[in-house]
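Chemist: Chain residues, written in single-letter form:
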Amino acid sequence: MAVNTAARGTSAGVDPSGPNKPTPRRYLAPLLLPAVILLALLSIYPFVWLIYMSFNAVGLAPGAPNEFVGFDNWSRMFSDSQYWESWGILAKYSVVSMVLEVGLGTLLAILLNRSKHEKLLITILLMPMMMAPVVAGLLWQYLYNGTFGWYFWILRSLGLLDEGTILGSSDIALWAIVAVDVWEWTPLVALIVLSGLKLVPQDQMEASWMDGAGPVRSFFQVALPAIKGSLMIAILLRFMDNIRIIDHFIALTGGGPANSTKILPLYLYEQSFSFFELGYGASIALTLLLVTILFGKLVVNRFEEREENPAKKDEELV
Amino acid sequence: MSELYLPPFASRGFSRRSFLGGAAGAALLLAGCSSETGSGNANRTFANDAEKWKQYDGKKLTFITENTPPSSGIKAIVDRGDFKKLTGIDVEILQNDLPVMLQKAELDLRSGGTAYDLVYTQDKPVTSVIADFFEDLRPYLEDDSLPQIEGGYGEEAWYPNYLDVASFAYSDRLIGLPYDAADSVFCYRRDLFEQYSGQFEDEFGYPMEYGPDTTWKNVLEFATFFNQLHAKDAGVPFGVGLHLGQFAWTTQLDIQRILYSHGQWREFDIDDVQGSKEPGPTRWGDEQSVRGLELYKALFDQSTPDALSLGTVEVADAYNAGKIAMVPQFHEFAASFEDPANAGGGGKTAYDICPKGDKEYLVGKGDLVNGTNCGIGGISINAAASEDQKRAAYLFIIWATSLDVQTENLKVAGGAPTRAAVGEVPDIEAAQGTPYGTGDTGRVGPSDYPNALTFPAVNVGMADPNAVLGPKIPKFNQYVTIVANEIQKMCAGDNNPEKTAKAIQTQVDELHGV
Amino acid sequence: MTNPRTATEAGSTEIQDDRAAVKDDDLVPGPAVDARDQVVRGRGSRIVGIAISTFLTLYVIWTLAPFYIMITSSFKAKGDAFSLPAEGDWGGAAEKLIAFTPTTQHYTDLFAQGEFERYFMNSLIAALSSAIISVVFGTTAAYAISRGRFRGKKDLYFWIISTRMAPVVAVTVPLYAIFKNFQLLNTLPALILAYTVFNLPFAIWILKGFFDAVSYEIEEAYMVDGHSRWQALWKIIPLVAPGLAAVVVLCVLLAWNDFIFAAVMGGEAAKTLPVATQGLKSASGIEWGQIMAAGMVTVAPMLLLGIVIRKYMVQGLTMGAVKQ
Amino acid sequence: MAALTFNNVWKRYDQVEAVKNLNLDIRDGEFLCLLGPSGCGKSSSLRMIAGLEFISEGEISLGGQRINELEPRHRDIAMVFESYALYPQKTVYDNMANPLRLRKMSKDEIDRRVKETAAILEIERLLGRRPSQLSGGQKQRVAIGRCLVREPKAFLFDEPIAHLDAKLRARMRGELKHIQKTLGTTTVYVTHDQLEGMSMADRIAIMRDGVLQQVATPHEIFNRPANVWVATFIGDPPMNVLNAEVQTADGGLVARAPEYTIAIPDRQAAALSNARLTDGKVQIGIRPEALRLSQTPDAAHPIAGRIYAVQPLGDVEIVDVRVGDERILVKTELGTIQNEDIDVPVFMGYKPEKLYFFDAVTGEAVYE
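Residue numbers (my numbering), protein chains in the order written: chain A, 76 to 393; chain B, 1223 to 1736; chain C, 4 to 327; chain D, 127 to 494.
Hint data in this document are derived by calculation from the structure and do not stem from the laboratory.
Since no wrong hints were added, every one of them can be taken at face value.
Within a straight-line C-alpha distance of at most 20 Å, the following computed SDA-like cross-link-like pairs (lysine to any residue) qualify:
| no. | chain 1 | residue 1 | chain 2 | residue 2 |
| --- | --- | --- | --- | --- |
| 1 | D | Lys457 | D | Thr422 |
| 2 | C | Lys99 | B | Ala1565 |
| 3 | A | Lys167 | B | Lys1711 |
| 4 | C | Lys157 | A | Phe370 |
| 5 | A | Lys191 | D | Arg138 |
| 6 | C | Lys81 | A | Trp225 |
| 7 | B | Lys1711 | B | Glu1516 |
| 8 | C | Lys81 | C | Lys284 |
| 9 | B | Lys1439 | B | Gln1450 |
| 10 | C | Lys314 | A | Met202 |
| 11 | C | Lys81 | B | Ala1565 |
Computed footprint of chain A on chain C; a stretch qualifies when at least three of its residues, placed anywhere within it, have a C-beta under 8 Å from a C-beta of chain A:
| no. | segment |
| --- | --- |
| 12 | 51–60 |
| 13 | 91–99 |
| 14 | 141–151 |
| 15 | 262–274 |
| 16 | 299–305 |
Yeah, the Cβ is synthetic: ideal placement off N, Cα and C, and Gly gets one too.
Construct all of the structure, not just a fragment, from the sequences and the given hints.
Modeler: Written out as structure tokens, the structure reads:
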């Protein structure tokens, strides 16, 4: 029964593990404040600025007045068909790359988990992640190139691509960028899931075999519930990165052809730094931020859940 | 953002010619202006030109420019010390991809920054966007304490039209001098034309020869022919290359050439040289624009299948790889077309003026011309810089656009000179194609100055009535983005030409608040 | 543990299972890692085994092929070396991919004309400085959050984390305006501060986990032994050293690979490698050989880091979701 | 229900041989306990039966049928894990129903069986809970329940009660034995605790370093251990083992050590003289309860020593006596020792019929 009280303690929000005993407050301030002030300067101040900008037509010249325009930027945004289309493209892009990355990554993790070459394979899998996304974009642009590109050549030689090129057709370009994303980031999903698999209780796995489950059934019955947390973390991290990082798009298509790859962050980039519609850009940025913060909340919750998990595990042994 | 564009004084239609015509008035005006610039060395007197050049010894200038060969050439010449020896001034030359360059320059200038003293101002993508932030050069032209432009400021020394395009936007302020140029010429595989001319005649009833009267419809037929040929495993894979992908403004130029050829159709009812901050309703959506798009779509269907991903560079790569028979291309690419290492290059290419409009695609009664467009790069001075920096920068401008440096640049990097006299330098004259109009414009063969091969075609293409120089509008980049997107959609089969023209019209008019 | 194939010695990413210690019979293979190899499988197992090997091999090829093409292309001379064989000519393709005369021309060009040394240094300075700032401030803050108990702690923590997750472009817009006011544009300090926006929260996030794992009793023991509270804190720093290493490495990686900040705020004075690489694309010709060489220069140091300190890379990239 | 046979079974992990040439017949309906210390190979043996480990060499058959190649799920064997291995996301009911559902049993049948089993185990009121809401003993019952519902050919238990507290363990021993006897299912039970083996098993198989030492009833194991190792492993406190040399004296045999001499009873003397002892070295085994103590020297208490420590255990006490370099434990009634001070001299006597003799080199027991 001691177990139950401990569990209750956890859910009540009291530090469960014991090590984090309180440090007197007078010690906390000098430790915490430098970082908090620095971060506030670099994030809250800009955030307030961003809100301010979204209600103004922003003049960049010194002394040039920012003209208060009320909700003009906002109403423009809601009636801007490209804005909504770009959300759609972002969603399409994220969902498809997510499905592929989670599917492939989970499969990889399972295979890695049983592999004798786990370390070597992880090292290899890390390599794409080390590459600056913009360099990865350039590299793949070269691979896709209709004149020099090996991947173009391979697809043509295999007869998989009869007309058009990879980045030149609005049907394919987005999927071509998905492929780059899958190439660079599936390993990340695999690593996170792998760490989840390490937590899969082997005894439960065996119990389910003894119960009569086959490999597939026991995966769904035991492994999946155990790695669910990891999978969620992987998915959320990838979703947020898709919103955060647009380097692949900048290097590969710049949003073309025919806006078919203009995901929202890229549209924001274009409005802000090609057309210098900084006020309008700020409105778009705020909506993106809002969504990211929602995702962020989910991620942090997941992490906290996972940190509490090992405790649960111990308690099963008591 | 609109308050940024309030013109110093409105002056629609004020052109260089009227400005130069009223010479006396101008002199008065200039005298008045020069007295304003009364700081530093402005009122000093110098014993000779050498001293004038040296007056800013020890200063440092920063020049932000595109990463194209002419700028690389200037950088090479600066780096070897030519300008420093003359003036004692150090120049840091920053090269970037044009969008990045524009972004940086625009951010700096709009915010009143002085990170860059000198800015490369390509006429439409850059100048039309940030024209208001450049120094008026008129006072400098008349300033005795500064060395003056070799050969003066006038048509005698420079290629026609270049001055107009590089010098003005929205006002009579003279904001730049032409420094390099990218003019469209028509490049085609002469070897293939000769080889298949007869066969083409059998099928189409006239010989496959390219000349000043060749129309876009002819080009379409040539392309169709080549593609049919390719279906039989002969010739090259594709008939014609287009500049549809990558950068919106090259896509806009690609369609603009064709549209202008038919009755000198323009996008806006504005003056090409001055441009306008309030261009009013666009002409997109009218019948001629629809016909033009139909022609463009037909050409697209006969072009490389990957045309949607090919920008100017990529289409040149494809041409060099021997995949394309014809391509309208900017004349600075001649250097790579003449490189014998390339399958499609190395003396197989002929250069001529862009095709003429075809009466079949002409709506109404306009003229049919050989529509030619360009990207003229000027150099301008950041108006926010200090007086001395601006004067030192002026020294750099007149040096960089001088005959000697342009000639040198052509040798070093295959630059694209803006002074007609460069073409008269004996070596370079010898390297040019045979004079235009002899029926054999395209000179073929290896050359030390491959770009010079295109000069005869450029000379005619960039002159009236063929040259189309506009539109200079503050929202040029937004405008071309709309055009490029809609045309790409049309080519991808999402929209027909008529709907495309209307879609462009709607969005552009909305952009300009019409 | 007598079984050499048990999990304990397998290193980084394996999670040690404490049940192994409780288990009476040490000969039972460690949990998770290898145990399933020991399970009796049905007849299809050989085919499954072959399928698995094939899949893994293909995946490794898919992962490495771009690197191979990048490396070889960076050593290929212009012209013919870059052309492709006829479609379907697989023999010719193999020849083109393997047999060519390597040249270091592109690298020489980069460093001779392109001022790549300077870009390299810019990248290095920006990345390292931001990493150091983040780790110094991050350590104290993480300690305080780990040990402290105060109202609003959760909200503070979430705010810190959400900063790390903000879209880069969204942050760039206001930061640009602010840096402009402070005349920081086009300087390395601007980049260093911008990277700190993401690196500092990341450092706090990871290091908090490490401090949580250090028992408070250790500090109490130091204090009982006669150290002050500050000395005690200082004494446990070595215990989170792996975390500090992980954070430095990951901060360097993030900053090194950034493009948007450097492109918008870096200017020439603070041009970094990714921006310089992208800048090799021009409107009048793309030197793929040179771009590939520049890409190699950009990616090689990080690859090296990745191989040398794989463990921390894995941890950092996964935001600590993978514990060592 | 079926018999289980190990036929020359080996288990190897890379360099290590975990089970060496195991031959063992487990009869139909028998409760067999695999007993041994850590690393003796008992768990590996059990897991080979389950199919959770490959059989490196040899054959295991169940009901006369070779099962080496059968996947675990096709063996029709149920297993209770040391950690219980309950599915945390499922309720107790679903945990127990899981194996039945995998066998595509009808809903009613599943319900009937789960409830029946729950009744046997007295866990009906827990059916709706999740494992995290259960105590250790309750989890243990659920884990057993998950096995019972299946009516498999054999039960495997892997240290099922090792993590319960002492009181609960004693109770569960009785219950497990009762259930096994009621169902009559062949059962293999792995433990390191000799008490569990002794109290529950029909027969005990003792393993050490992968080698089977002895298979016998608990009674036989205790009273006729096959070798010195088994002898000392079973029994609490463990059997005393003294080193001595066999010598001839007074027409009989004696075992002589520097501090004492023990006369070897006649019935064992014959065996010992026949046995080819190396250099006459012998080990003498005496269980602590077979020794008696006196604080005065007499003929019945020939071995002299000094008190090292006295551990009273309620009704009895364990006296730790130092004899020369050796220590001997004596289990005696409370109050035998008046003066418990350290180093007080004491004298030990023994029942000759309770002496064991082992070959000092091979460790084999020498019986008449």
